[in-house]
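So you can see what is in the structure, the chains are spelled out below.
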Amino acid sequence: MAKAKTNTEDYLRMYRQMVRIRVFEDNANQLYLSAKMPGLTHMYSGEEAVAVGICEALTDSDRITSTHRGHGHCVAKGADFKQMFCELLGKEEGYCRGKGGSMHIADQSHGNLGANAIVGGSMGIATGSALRAKLQGSDDVSVCFFGDGATAQGLLYEVMNMASLWKLPVIYACENNGYSEYTKTEEIAAGSIPARAEAFGIESFTVDGQDVLAVNELTERLVARARKGEGPFFVELMTYRYHGHHVGDINRDYYRAKEEETIWKESRDPIVNFGKWLAEEGIANAEDLQAMEDEIRADAKAAVDYALSAKYPDESEVDMHVFAPTDPATLRPGA
Amino acid sequence: MRNITLSQAVNEALAEEMRRDPTTFIIGEDVAEAGTPFKVLSGLVEEFGTERVIDTPIAEPGFMGLAVGAALTGSRPIVDLMFGDFIFLIMDQLCNQAAKAYYMSGGKLNVPLVLRTNLGATRRSAAQHSQSLHALVAHIPGLKVALPSSAYEAKGLMKTAIRDNNPVVIFEDKLMYNDKAPVPKEEFLIPFGEANIKRAGTDITLIGTSSMVQVCEKAAEMLEAEGISAEVIDPRTIVPLDEQTLIESAKKTSRVIVVDEGHQSFGITGEIAGRINEKAFYHLDAPVLRMGAMDVPVPFSPALEDITVPTPEGVVQNARKLMSGEMIHAA
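Going down the list, the sequences are from chains F and A.
Take any residue in the first sequence, count from 1 to its spot, add 6: that is its number in this note's numbering.
Just so it is clear: in the second sequence, position 275 is 274 by this note's numbering, and no numbers are missing.
Pulled out of the complex, with its shape left as it was, chain F reads as follows (with noise of 0.2 Å):
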């Protein structure tokens, strides 16, 4: 394992931040194979290494963009179980008052801009964000996560040619699970990725992403350098995603071996790995891991029960927030 963060604290707060991270996605399997759930919801165990490394490299005032697979990122930044539970149940008290459900949690007081539903339908808004930063003069980066599905879209082509050619603070994040929806990436995919951006003129590197410390190493340099202006980079990062495209994508033997899913979560799995690590470095033996665990798991039990009996929106919500409010005295001549 690479070493990045120095500090026992950090180390054990990944950890946490990835258990959580399954955990999450644990419980909203179960809350759909059990039939309370509306709808459907893309699971992210098995990349918690991806968010949680990327994610700790960065401030609440930096920006991330997410996509339907989006759980893990949410919970990274900084999200709540109880907020997120009741989104996902499209309760009142959810991210979104339960009007945007799994694919649309924001939470933009840890930087998270929102998932997006539409495959690649958040890079123009995370280069945006760049730009933004550029123009204000601040420091922020903004992280644009998508998977290697997304590359085939059109709009990654023209928002990497403009971060490159303004030098934007935007780190382009690729989640290579080997899988576009129910199709081998291999089949949609002519050449490397990293190329791609290459080809814009933009540094582009590829990393183990089970490895939460590689990681996390590697964004905390690309982060700093893109605050220099430095920026954009371009992260491919390796990893498997361990359900289907979505929770109802079961039998998925036509395009997915299962043999091939057990080597990944036997020998690859990026939580049980570093929790080995910490075993070996002395920094946390398995029982306290487990209590951790065990922890986590009561705080997600109590976050369901709590969302699955919070009341939904009132029918009065249905037509609200379609516009903004404009405060009617700016505009008025002289304001």
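Misleading hints may appear alongside valid ones.
Some, not all, of what chain F presents toward chain A, calculated at C-beta under 8 Å [stated by the list, open to error]: (1) Gly120; (2) Val165; (3) Asn167.
No wet-lab data here; the hints were simulated from the structure.
Backbone N, C-alpha and C define an ideal beta-carbon position, used for all residues, glycine too.
With chain F held as given, fit chain A onto it using these hints.
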């Protein structure tokens, strides 16, 4: 009051608002030194610099996406889309991203952004540079849509659009850029959702948008010579729509023609006619008539193009028919 062109009016509005609010910037193709092909932005880059008048590559979805991201994080971008026809290229960013962010986030994120573009045929520019696509945008909840009908409206509506906290699409009529109108030197804004009664009348109401306001005014003059008193109303914004003023006029005159340069089918004319039918039916002496552009791609040949859009003569003919009762039983 001085007379200035629609182009100068837009330029003044942008300059005033950019001086007022340092978070505003213009982004689009050839907006800086070129000042756009219509020269509407001439001089702005000299005053505000290339940091705030930003030339982009030819990548409409890309720069529209950047503007949405900048708007979500504290800027007020003014996006310049060279031709209204290019709106098809940016539909995801405009309709899936900008329009829905405030609602999907339960009111936490908003997108204060202006998309300025144009509409209008008869410039001999053929099917991909002549469309009037405002109905397409007005259909999407979360977007406001302004249709200035003269230099005065172009300035007042633009200033309001820039201060509005939502995405606003302004369609300027590209044939009117050199048309002059009286515009006060003193600062003024035109509120959204307030129709303008351009001319009072008692026998028939002509509702016109954008370039069609002129068409309705000419028709009203011609009708006056025949002893028919036409009221001309310009809604100025179609989202929000000042339904009340339109309905009151319909109730007063009992006959209405709605004239708009978008295609007639599934368009603005049908929407306004529908609302009047629902809310003023028992006051009407004739069906509300729609006059939009023909449902054909805009043809290049002048011989063909000119017959695709409503004309004052066409409005007069239809008004006569409505007045004589001829169309009451129209199929």
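List in ascending order the numbers of the hints, as given earlier, that are violated by the structure. none
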